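Participant: Residues per chain are reported as follows:
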Amino acid sequence: MKKVRKYIIIADEKGLELLRPLFRHSMTVEMLSFNEELADQLARQKIGTYLYAALPWQQLAQVRKWAEDAGFSDEEAEYMGYGEKEQHVYCCRCHAVGKDTVKCGECGLLLELSDHYSSLHDAYLAYPVL
Amino acid sequence: MVWTETLERFPYPFKEDVYRYSNNSVPMENPISVEMNSRYVEEIKLKRQLLSDHPERCFQSLPHSIKAQWEAAALVMEQLAGAYPETFSLKKNGREWTFQNKTLNEMQSFTYGDTASLDHEPLDFVGRHVQEDLILMMQRDGDLYLDAGQLCFPANWSLAFNLGMKFRQIHHPIPGFKEEGLDSRILKFLLRLESGVPWERKNWSLMAGDRLDTSLETFDEWGKLRKTVTRDNAGEFVHLRIEVQKLFRLPQTHSILFTIHTYVISLERFCENPEWKRQFYEILKELPPHITDYKGIGRYKGAVLAYLEEQL
Ligand code: HEM
Ligand SMILES: [Zn+2]
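For the protein sequence lines, the chains are A and B, in the order given.
Reminder that position 47 of the first sequence reads as 47 in our numbering, one-by-one numbering, no gaps.
Numbering-wise, our numbering comes out as the position in the second sequence, counting from 1, plus 1000.
Where hints are given, some of them may not hold.
Unchecked claim - The following residues of chain B were derived to be distant from chain A, with all beta-carbon distances above 12 Å:
#  : residue
1  : Met1028
2  : Tyr1084
3  : Thr1103
4  : Tyr1145
5  : Pro1173
6  : Asn1203
7  : Ser1205
8  : Leu1216
9  : Gly1223
10 : Leu1287
Claimed, not checked - Calculated pairs, DMTMM-like style, for lysine to aspartate or glutamate (alpha carbon to alpha carbon, straight line, at most 25 Å):
#  : chain 1 : residue 1 : chain 2 : residue 2
11 : B       : Lys1224   : A       : Glu112
12 : A       : Lys103    : B       : Glu1221
13 : B       : Lys1301   : B       : Glu1016
Hints listed in this document are in silico derivations from the structure and should not be mistaken for laboratory results.
Just so we're clear, the structure is a prediction, and the values are computed from it rather than from any experiment.
All residues carry an ideal CB built from backbone N, CA and C; glycine is no exception.
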């Protein structure tokens, strides 16, 4: 028997629009929505399931964390964010997470933002300006 | 903390006259995860001071790492007692263990597996007896996660930031690592690491100054020193920083213990060996900008080359 890959979609209306071009009729798809049960629902999925998530950036970060906890690797998932991007900045000196990309709001260090990302902190690392 | 023993015992890191990133791991000849040298007492003192002044910077763990921490701590204590019986002993009576450190005149009894019987988490406890930094990588879903670590002497990275990260994410800042597929190849190699067959590698860098605790958290203090290197002070002021890194599979929890022993030697001292001086000069002269910049040498590479030329 030929194995049919299962696809999961987590998206709101806007997200679905973004995903539409990626889909073919023959795909076996299950729709899930962003709610409290999602972490458990993801954890119950069989190995090999492929995940598409298209949501506002904030929700997407949460979904990504749940998906990673559930064992979805980067090869088994695609994440699309939209809307205003809340960028979280991790200060290398005092570990405060803020939004200012130039100066740490906590310790005043002048920052240089990098693209080094931690999903645990949901933040990008900022180095000092020397 | 600077190297004062004979040069023969210094862990010279270079093989060829050209240096590139590669998987330079080799099977260990003398399979031990930690090594003691004449700097022991001094470095342990510094380590414990840093741990007490900056606990969140120097120790991090996720709750599910405890079992693997015990396995790592057991391996380190057993190897210490085996390799340095005059200094360390480990007595076991079922789960009731007693670990003794005669150099520091310390004795700790505890129940193996019961973290409440120690003052610190197991990895944090055993790390206070060794010069190495200890990182625990836990394996699941075909990946390795940094789930616990005691790190006092980092080469400009943050344990607190990196906690919970996967192997390839950890190495994301290194230029070319992903593009050349090195990160995936090294990960594959690590996932297959077998217990009883440990590997080691050496990493190197240059630094302005000689401090062991070059944490990212204090980079704004010590990083500035790079601007003050000149041809005239390079010999005394610039130091080579060598990390001897060891990889041990822990069979019960299928995790990996990664130990880092950092050695620091002044350029002047290093150059007492003419062949080392010659080879390092060739390497530095040829080193491409992406590696120079990542290692933070860009600003004073010219001064160091001028110093070396003068010596040759
Ligand atoms: C499994 C345990 C390992 C851990 C926890 C680890 C961790 C790290 C960290 C935190 C950095 C600094 C990254 C930054 O700038 O933020 C680094 C750098 C690096 N790692 Fe690893 N690493 C491990 C194993 C390896 C292995 C087996 C190799 C084999 C080749 C390797 C090669 C490198 C290289 C080449 C660099 C750049 C160093 C430099 O240019 O000075 N790592 N590693
Ligand atoms: Zn700060």
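Participant: Far enough from chain A: is every CB of that chain over 12 Å from the CB of Ser1205 of chain B?
Facilitator: With a cut-off of 12 Å, Ser1205 of chain B remains clear of chain A, as the shortest Cβ separation is near 16 Å.
Participant: Between the alpha carbons of Lys103 of chain A and Glu1221 of chain B, is the straight-line distance 25 Å or under?
Facilitator: It holds: about 16 Å lies between the C-alpha atoms, which stays within 25 Å.
Participant: Would you check whether the claim that Pro1173 of chain B is not at the interface survives, using Cβ distances to chain A and the 12 Å cut-off?
Facilitator: violated (5 Å)
Participant: Is it correct that the beta-carbon of Gly1223 of chain B has no partner in chain A closer than or equal to 12 Å?
Facilitator: Gly1223 of chain B not clear of chain A: closest Cβ-Cβ about 5 Å, inside 12 Å.
Participant: Can we confirm that no CB of chain A comes within 12 Å of the CB of Met1028 of chain B?
Facilitator: holds (30 Å)
Participant: Over 12 Å to the closest beta carbon of chain A is the bar; see if Leu1216 of chain B clears it.
Facilitator: The assertion about Leu1216 of chain B is violated, with a minimum of 5 Å to chain A.
Participant: Is the Cα-Cα distance between Lys1301 of chain B and Glu1016 of chain B 25 Å or less?
Facilitator: holds (19 Å)
Participant: Check the non-interface label on Tyr1084 of chain B: least C-beta distance to chain A beyond 12 Å or not.
Facilitator: The assertion about Tyr1084 of chain B holds, with a minimum of 36 Å to chain A.
Participant: Find the nearest Cβ of chain A to the Cβ of Tyr1145 of chain B and say whether that gap is larger than 12 Å.
Facilitator: violated (10 Å)
Participant: Quick one, are Lys1224 of chain B and Glu112 of chain A close enough, alpha carbons at most 25 Å?
Facilitator: Holds - the C-alpha atoms of Glu112 of chain A and Lys1224 of chain B are around 15 Å apart, at most 25 Å.
Participant: Does Asn1203 of chain B really sit off the interface, with its C-beta more than 12 Å from all C-beta atoms of chain A?
Facilitator: holds (18 Å)
Participant: Using Cβ atoms and 12 Å as the threshold, tell me whether Leu1287 of chain B really stays out of contact range of chain A.
Facilitator: The claim stands: Leu1287 of chain B keeps its Cβ more than 12 Å from every Cβ of chain A (closest is about 20 Å).
Comparing the model with each numbered hint stated earlier shows that hints 4, 5, 8, 9 do not hold.
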